[in-house]
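Trainee: The sequence shown begins at 95 in our numbering and counts up by one.
If you're looking for bench data, these hints aren't it; they were derived computationally from the structure.
Since we're looking at a predicted model, the values are computed, not measured.
Fair warning: there could be bad hints in the mix.
To be verified - Below are the DSS-like pairs computed for lysine-lysine, each with C-alpha atoms no more than 25 Å apart in a straight line:
id: 1; residue 1: Lys-99; residue 2: Lys-167
id: 2; residue 1: Lys-266; residue 2: Lys-199
id: 3; residue 1: Lys-126; residue 2: Lys-99
As the list claims (entries may be wrong) - Between beta-carbon pairs, the in silico distance windows are:
id: 4; residue 1: Ser-182; residue 2: Trp-229; range: 14 to 22 Å
id: 5; residue 1: Lys-216; residue 2: Leu-248; range: 20 to 28 Å
id: 6; residue 1: Thr-193; residue 2: Lys-217; range: 32 to 40 Å
id: 7; residue 1: Val-201; residue 2: Ser-130; range: 30 to 38 Å
id: 8; residue 1: Lys-124; residue 2: Ser-247; range: 24 to 32 Å
id: 9; residue 1: Gly-160; residue 2: Pro-238; range: 37 to 45 Å
id: 10; residue 1: Leu-249; residue 2: Ser-182; range: 18 to 26 Å
id: 11; residue 1: Ser-130; residue 2: Ser-247; range: 41 to 49 Å
Note that CB positions come from ideal geometry on N, CA and C, so glycine has one too.
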Amino acid sequence: MAESKEELKSFLMKVKEECGKAGLKLNIQKTKIIASGPTTSRQIDGETMETVIDFILGGSKITADGDCSHEIKRCLLLGRKAMTNLDSTLKSRDITLLTKVCLVKAVVFPVVMYGCESWTIKKAELQRIDAFELWCWRRLLRVPWTARRSNQSLLKEISPEYSLEGMMLTLKLQSFCHLILQITDSLEKTLMLGKTEGGRRRG
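Please build the complete structure, drawing on both the sequences and the hints.
Mentor: This is the structure we're talking about:
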């Protein structure tokens, strides 16, 4: 993470130098830059580095504007795919309803919740998350949308201990407590608890 173009160039040259020591070569053309402000493509040793607006890092989508709505949509799509892959298992009559519910919570929900500790969930995203959970339960119970059956009756039959939204909130609180209890200051803790210089006027 660099705060200026000069610092970025210094970092890249350092990485390139260390790669050379190990007999490796840094491919500048495949190296991407993402910036929080306006920037143009940079050149390192005559090779151009492309500036992108988003990329996947560690399984999560990072965007230049810091908006996590795209990441939430991506995780919901991955969750739908995981749920679809369980169709043959969920249709089995040899598996109890309780086991099927536990299977969805163990296989599908973690895909959706991956990295949710850092999400800023707005009302629109919250509605998508709730809709996804109900879609999962309808698919598990094999209840089509055309059936005249309320969402409340589905939840009553499934009887989930926690909703998907509640499970996400639990993970966010656990992550926050972990940061607060850290003895040494980290970048995450500083961002969470840091204060800006100065103050505001009275009134």
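Trainee: Each hint needs a verdict: does it hold in this structure or not?
Mentor: Each hint tested on the structure:
1. Lys-99 with Lys-167: Answer violated: Lys-99 to Lys-167 is near 32 Å, above 25 Å.
2. Lys-266 with Lys-199: With a Cα-Cα distance of about 17 Å, the restraint between Lys-266 and Lys-199 holds, given a limit of 25 Å.
3. Lys-126 with Lys-99: Measuring from Cα to Cα gives roughly 14 Å; hence the hint holds.
4. Ser-182 with Trp-229: 14 to 22 Å: holds, 18 Å
5. Lys-216 with Leu-248: 20 to 28 Å: Holds, at about 25 Å.
6. Thr-193 with Lys-217: 32 to 40 Å: Holds: the Cβ-Cβ distance is about 34 Å, inside 32 to 40 Å.
7. Val-201 with Ser-130: 30 to 38 Å: holds, 36 Å
8. Lys-124 with Ser-247: 24 to 32 Å: Since the Cβ atoms of Lys-124 and Ser-247 sit about 53 Å apart, the hinted range of 24 to 32 Å is violated.
9. Gly-160 with Pro-238: 37 to 45 Å: Taking Cβ atoms as reference, Gly-160 and Pro-238 lie about 39 Å apart, which means the hint holds.
10. Leu-249 with Ser-182: 18 to 26 Å: Between Leu-249 and Ser-182, where Cβ atoms are some 25 Å apart, the hint holds.
11. Ser-130 with Ser-247: 41 to 49 Å: With Cβ atoms ~47 Å apart, the hint holds.
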